[in-house]
Amino acid sequence: MNLNRVILFGKLKNLSPQGFIEVSISSEMTPQIFREEVAKVLSSINPKFKGISELNSSAVANDSRIIFENEPIGTSHEYFLLPPICGG
Amino acid sequence: MNSPHTLVKIIEGPVKAHHIIQFLSHPSHGGQTCFLGSVRDLNHGRQVVAVSYECHKVIAEKVLNEIITEARVKWEKNLCAIIIHGTRRLQVGELSVGIGVSTPHRDEAFQACRYIIEELKIRVPIWKQEHYIDGESEWLKGHELCQPPQGTALLLATTKSKAIPCGEDFSELVHPKNPTS
Numbered sequence: 001m002n003l004n005r006v007i008l009f010g011k012l013k014n015l016s017p018q019g020f021i022e023v024s025i026s027s028e029m030t031p032q033i034f035r036e037e038v039a040k041v042l043s044s045i046n047p048k049f050k051g052i053s054e055l056n057s058s059a060v061a062n063d064s065r066i067i068f069e070n071e072p073i074g075t076s077h078e079y080f081l082l083p084p085i086c087g088g
Numbered sequence: 001m002n003s004p005h006t007l008v009k010i011i012e013g014p015v016k017a018h019h020i021i022q023f024l025s026h027p028s029h030g031g032q033t034c035f036l037g038s039v040r041d042l043n044h045g046r047q048v049v050a051v052s053y054e055c056h057k058v059i060a061e062k063v064l065n066e067i068i069t070e071a072r073v074k075w076e077k078n079l080c081a082i083i084i085h086g087t088r089r090l091q092v093g094e095l096s097v098g099i100g101v102s103t104p105h106r107d108e109a110f111q112a113c114r115y116i117i118e119e120l121k122i123r124v125p126i127w128k129q130e131h132y133i134d135g136e137s138e139w140l141k142g143h144e145l146c147q148p149p150q151g152t153a154l155l156l157a158t159t160k161s162k163a164i165p166c167g168e169d170f171s172e173l174v175h176p177k178n179p180t181s
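Residue numbers (my numbering), protein chains in the order written: chain A, 1 to 88; chain B, 1 to 181.
Calculated directly from the structure, the hints in this document are not laboratory data.
Predicted model only: the values in this text are computed from it and were never measured.
Treat the hints with care, since some could be wrong.
[As the list claims (entries may be wrong)] Under the rule of at most 30 Å between Cα atoms (straight-line distance), these lysine-lysine pairs were calculated in the BS3-like manner: (1) A:Lys11 with B:Lys141; (2) B:Lys121 with B:Lys16; (3) B:Lys74 with B:Lys57; (4) B:Lys74 with A:Lys40; (5) B:Lys57 with B:Lys9; (6) A:Lys50 with B:Lys77; (7) B:Lys16 with B:Lys77; (8) B:Lys57 with A:Lys50; (9) A:Lys13 with B:Lys74; (10) A:Lys13 with B:Lys16; (11) A:Lys48 with A:Lys11; (12) B:Lys77 with A:Lys11; (13) B:Lys57 with A:Lys11; (14) B:Lys121 with A:Lys13; (15) B:Lys121 with B:Lys141; (16) B:Lys77 with A:Lys40; (17) A:Lys13 with B:Lys57; (18) B:Lys16 with B:Lys62; (19) B:Lys9 with A:Lys40; (20) B:Lys77 with A:Lys13; (21) A:Lys11 with B:Lys9; (22) A:Lys48 with B:Lys74; (23) B:Lys77 with B:Lys141; (24) A:Lys11 with B:Lys74; (25) A:Lys50 with B:Lys141; (26) B:Lys77 with B:Lys121; (27) B:Lys74 with B:Lys16; (28) B:Lys121 with B:Lys9.
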């Protein structure tokens, strides 16, 4: 397990004052396990965090693409948690 | 004939309309269409003074290029397209997005331009935070980007199932109890 930086976007940035957190990550994790690990860290740093339900609508991405829900997240310099979008 | 060209850019600050217009010049193309999206001053009854945009730049530009490629397959292989999306805090009236398309004939240009903005809205990782006149701010709710398990995309596209949120059990989609023919 390595300690990796997870960048938060959109409303998720409100959960961490820096806009990112450090999480122990294995490249074999699926996105759902990844979200659970992120939830553990957020619970420890932010008393207002309501739990994994706040992350379940967010996609997981590595440096280059969004990860399918049934595949390992793989190795990446950084990881990204992408809440529902609304560009344009 | 000139080869089709494409420009996709995520920029800091507002989009300039003339950049879109200037790009759309091709000797074989008789139809050019543009879509310009701007920050408006009212949303759900609240007075908006500005909107902050942020994005995952690498994935956003990659997906925008994919969308243009899809438009070429659907309508015109020589379609030219430009997409510029602004980020950071934009004031009311400033342009957040500019899309331009040129094709030999107008019908394809209209359809492709509409396709690009609609796909952008649901596929490109861009978020916006509205700032209101009372000093409050709010991130807007939107469309989930979660990718269903590989192999289920076609099934999802051919059934009338509701959108599948991230973290749900996909096993029924991978191995449907009542597969449709």
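Each hint, compared with the structure:
1. Under the criterion of a C-alpha separation no larger than 30 Å, the hint pairing lysine 11 (chain A) with lysine 141 (chain B) is consistent with the structure, at around 9 Å.
2. As the CA atoms of lysine 121 (chain B) and lysine 16 (chain B) are separated by approximately 20 Å, the hinted pair is consistent with the 30 Å bound.
3. Pair hint lysine 74 (chain B) plus lysine 57 (chain B) holds up; C-alpha atoms about 26 Å apart against a cutoff of 30 Å.
4. About 45 Å separates the Cα atoms of lysine 74 (chain B) and lysine 40 (chain A), which puts this hinted pair outside 30 Å; it is violated.
5. At roughly 9 Å between alpha-carbon atoms, lysine 57 (chain B) and lysine 9 (chain B) fall within 30 Å of each other, so this suggested pair holds.
6. With a CA separation close to 49 Å, the supplied pair lysine 50 (chain A) and lysine 77 (chain B) exceeds the 30 Å bound.
7. In summary, the hint linking lysine 16 (chain B) to lysine 77 (chain B) is supported, as the alpha carbons are separated by about 27 Å, within the 30 Å threshold.
8. Only pairs whose Cα atoms come within 30 Å are accepted, and lysine 57 (chain B) paired with lysine 50 (chain A) is accepted, the gap being roughly 29 Å.
9. Simply put, lysine 13 (chain A) and lysine 74 (chain B) have alpha-carbon atoms about 38 Å apart, too far for the 30 Å limit, and the pair is violated.
10. As the CA atoms of lysine 13 (chain A) and lysine 16 (chain B) are separated by approximately 29 Å, the hinted pair is consistent with the 30 Å bound.
11. Simply put, lysine 48 (chain A) and lysine 11 (chain A) have alpha-carbon atoms about 13 Å apart, close enough for the 30 Å limit, and the pair holds.
12. Note on lysine 77 (chain B) and lysine 11 (chain A): the hinted pairing is violated, with a Cα-Cα distance of about 39 Å set against a maximum of 30 Å.
13. Of the pairs offered as hints, the one joining lysine 57 (chain B) and lysine 11 (chain A) holds, with about 17 Å between alpha carbons and a cut-off of 30 Å not exceeded.
14. With a C-alpha separation of about 21 Å, the suggested pairing of lysine 121 (chain B) with lysine 13 (chain A) holds against the 30 Å cut-off.
15. Note on lysine 121 (chain B) and lysine 141 (chain B): the hinted pairing holds, with a Cα-Cα distance of about 12 Å set against a maximum of 30 Å.
16. For the given pair, lysine 77 (chain B) sits about 49 Å from lysine 40 (chain A) by alpha-carbon distance, which is inconsistent with the 30 Å threshold.
17. Restraint check for lysine 13 (chain A) and lysine 57 (chain B): satisfied, since their Cα atoms lie roughly 16 Å apart, inside the 30 Å limit.
18. For the hint linking lysine 16 (chain B) to lysine 62 (chain B), the alpha-carbon distance of about 22 Å falls within 30 Å, and the restraint holds.
19. For the hint linking lysine 9 (chain B) to lysine 40 (chain A), the alpha-carbon distance of about 36 Å lies beyond 30 Å, and the restraint is violated.
20. Simply put, lysine 77 (chain B) and lysine 13 (chain A) have alpha-carbon atoms about 40 Å apart, too far for the 30 Å limit, and the pair is violated.
21. For the suggested pair lysine 11 (chain A) and lysine 9 (chain B), the alpha carbons sit about 24 Å apart, so the restraint of at most 30 Å is met.
22. A C-alpha spacing of about 47 Å is found between lysine 48 (chain A) and lysine 74 (chain B), which places the hinted pair above 30 Å, so the restraint is violated.
23. Restraint check: the Cα-Cα separation between lysine 77 (chain B) and lysine 141 (chain B) comes to about 35 Å, which exceeds 30 Å; the hinted pair is violated.
24. With a CA separation close to 35 Å, the supplied pair lysine 11 (chain A) and lysine 74 (chain B) exceeds the 30 Å bound.
25. With a CA separation close to 18 Å, the supplied pair lysine 50 (chain A) and lysine 141 (chain B) stays within the 30 Å bound.
26. At roughly 23 Å between alpha-carbon atoms, lysine 77 (chain B) and lysine 121 (chain B) fall within 30 Å of each other, so this suggested pair holds.
27. Our distance criterion of 30 Å between C-alpha atoms is met by lysine 74 (chain B) and lysine 16 (chain B), whose separation comes to about 28 Å.
28. Between lysine 121 (chain B) and lysine 9 (chain B) the alpha-carbon distance is near 16 Å, which keeps this suggested pair within the 30 Å criterion.
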